[in-house]
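Novice: Letter by letter, the chains look like this.
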Amino acid sequence: MQRGLLGIEGMERADIELVLETAFHMKEVGQRDVKKVPTLRGRSIINLFFEPSTRTRTSFEIAGKRLSADVINFSSSASSLSKSESILDTAKTLDAMDPDAVVVRHQVAGVPKRIADELAAPVINAGDGAHEHPTQALLDLMTVVEEKGRVDGLCVAIIGDIAHSRVARSNIHGFLTMGAEVRVAGPPTMIPARVEALGVKAARSLREALDGADVVMALRIQGERLSGAAFPSIREYAATFGLDRAKLRFAQDDAIVMHPGPVNRGVELSHDLADRRPSVILDQVRNGVALRMAVLYLQAGRRARAQEPR
Amino acid sequence: MARVLIRGGRLLDPAAGRDEAADLLLQDGRVAAVGRGMEAQGAEQVDASGCWVMPGFVDLHAHLREPGQEYKEDIASGGRAAVAGGFTSVACMANTAPVNDDPAVTDYILDRARQDSPARIYPIAAATKGLRGEVMSEMSALVDAGAVAFSDDGKTIMDSGVQRRVLEYSRLVERPVMVHAEDCGLVRGGVVNEGAVSTRLGLPGNPAVAEVVHVARDLMLAELTGAHLHVAHVSTAGAVELLREARARGVHVTAEVTPHHLALSDEAALGYDANTKMAPPLRSAADVAACQQGLADGVLDAIATDHAPHAVHEKEVEFTAAPPGVIGFETALAVVLELVRAGRLTPLQLAAALSSNPARILQLEAGRLARGDPGDVTLVDPERRWRYDPAKGHSKSRNSPWAGREFTGRVVVTLVAGELVFHADRGVLHP
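Residue numbers (the numbering used here), protein chains in the order written: chain Y, 42 to 351; chain W, 2 to 432.
Keep in mind that the hints were calculated from the coordinates and are not lab data. Bear in mind the structure is a predicted one, so any value in this text is a computation, not a measurement.
Only part of the chain Y face toward chain W is listed, based on derived beta-carbon distances under 7 Å:
1) S127
2) V149
3) G170
4) A171
5) H172
6) R210
7) R235
Heads up, the beta-carbon is just placed ideally off N, CA and C, and yes, glycines get one too.
Take the sequences, apply the hints, and build the full model.
Specialist: What follows is the structure in structure tokens.
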């Protein structure tokens with residue numbers, strides 16, 4: 042397993058399988074009466090969040106605590122431009138305190154990589170701009186394996202704002218590496234340039250994307266773009282790309298519906314679809330903790346072993 | 002004044018169409034004689050065997066940052082870096098602080114240059130006051146003070162009415178208007194070329210069409226007004242095509258291309274290194290090929306560095322927040338020499354793009370090596386191997402995409418007005 046987890050792009054299939062396998066073991070821990078194991082006792086993990094996040098930070102925090110690691114949350118909403126300390130200085134300062142792993146989220150693509158280049162500790166990307174969100178893609182893969190028993194040969198449709206979505210990019214790389222077919226669909230203004238170069242098919246309509254799909258993933262329309270000019274109105278978006286049970290009929294009968302959350306109800310998903318099967322949104326959240334436990338174990342645990350006396 | 006005899010080299014004088022073995026005698030700051038087997042009693046001898054003897058390079062687009070941003074560069078350090086890269090004449094852009102939109106600033110730059118710079122410095126004045134794209138600057142007074150061209154470089158005059166006036170009025174002073182052609186509404190915060198690379202990186206894309214649309218507009222306005230339009234740092238195949246058509250129609254337009262747009266594609270940005278962030282951005286491999294072809298065809302006249310120094314701490318931030326631009330004086334020749342080795346350009350074409358063409362565009366007495374011309378000479382050893390380390394360079398800044406890169410071919414000697422100002426083994430020789 043590579044040191045650090047910056048993205049799914051370029052990750053070996055065997056490594057993805059190792060993470061998923063470990064995550065299923067970790068899930069069992071979360072089902073115990075006492076949801077805690079001593080695996081990372083004495084290790085410290087810093088959650089370095091430059092962008093507000095409740096869900097992902099909480100998920101990483103619970104994951105670290107269930108492994109008995111000391112979890113320190115460091116939040117800073119400002120960019121280098123608006124404060125006197127650069128992101129690299131912040132990161133180097135924290136690194137000097139010898140954490141065993143640093144979890145980084147930033148609103149600009151590439152920042153976790155730049156930080157990783159400077160740090161001794163392994164860096165786990167918790168989402169960088171519109172680039173990658175690797176733990177989200179891994180927990181999505183875990184959820185699909187749980188539901189379908191496999192990923193290989195499945196057909197996955199990713200719907201919505203592909204251009205601005207790190208979830209889409211990580212999932213595209215992840216599902217392709219694991220042998221699935223991936224289609225994307227959304228308003229043409231939200232499909233990034235040369236998207237086929239990623240290995241996906243750009244469908245011309247929602248119906249074409251859903252046709253025969255086993256997995257349908259709706260992406261969140263980011264709040265700041267709800268009022269933006271990339272589509273004419275929420276009403277039009279919901280009518281053309283919002284999922285409901287009627288549109289879902291184009292997919293396989295046993296298709297599942299995923300969403301990285303939080304759902305804009307009535308926009309990406311109809312109200313009843315958001316709450317009930319075939320949507321698996323809360324399973325994704327539940328698996329998120331187990332998956333992040335696996336990643337922290339594989340990253341922070343390995344460094345701990347490497348530091349043992351020779 | 003001392004006499005200098007440059008012996009045994011291959012003389013490349015594009016203005017005279019001359020590519021032959023010849024010696025060059027400099028006296029009183031000028032070329033005194035050109036010929037073979039020359040002897041000159043008492044003259045300082047420069048051994049040019051194995052070297053190309055070229056007119057001193059003319060850079061028609063650089064940022065020297067003085068006044069106002071001396072922590073990035075100043076006229077002294079920029080001038081030293083220039084001669085170390087073979088540039089004997091440098092035109093500096095107006096986006097200083099204060100902006101060079103007033104004859105007093107032009108005076109100041111020329112005064113600093115006289116005292117501090119081993120290279121000749123030619124100020125480019127702002128086309129509009131404060132680079133705001135609203136009210137045109139006092140072109141006549143600025144030309145009287147020594148400005149050689151007008152440009153709001155770094156910014157784009159989006160108001161077509163203002164741009165028309167600027168072009169129209171520039172005919173009074175008969176100086177080029179140099180445009181940074183990017184439609185701001187299409188750039189929209191884009192920081193890398195829009196395409197497969199921006200999609201992979203998840204960074205906002207700056208589409209090639211942002212440049213093409215703007216070049217199209219300015220070519221129309223140049224045609225309407227009859228002014229001399231100069232398109233800075235051309236980066237797209239589309240702009241090269243439009244320039245080719247406009248030239249054929251007889252529009253008075255010239256254009257430059259940078260070494261980085263000739264040598265690097267957007268894939269260089271895949272590691273999020275802010276030293277690969279430029280404006281306009283590095284483009285696709287097809288755009289790079291079109292720029293190379295445009296240079297070979299003469300559609301693009303000149304190679305300009307767009308030398309844009311920024312401090313290390315300014316580049317060590319989020320990719321979106323980093324200022325665009327790279328330094329370029331000391332690597333320019335080595336980078337573009339690859340095009341000669343690849344058979345895309347002849348040595349004489351390269352010399353023209355680096356000296357006689359930019360000199361013609363700016364109406365400078367430079368870029369030629371006939372008897373009586375200024376004694377500005379650059380010697381290039383095309384086979385010399387070296388490794389570029391920006392920390393050891395002469396610029397105050399280090400923002401280069403070529404740090405640590407091995408090159409074949411470098412500038413070995415630079416003379417300005419018949420005086421040795423740079424020697425590869427001795428460094429910059431200037432008080």
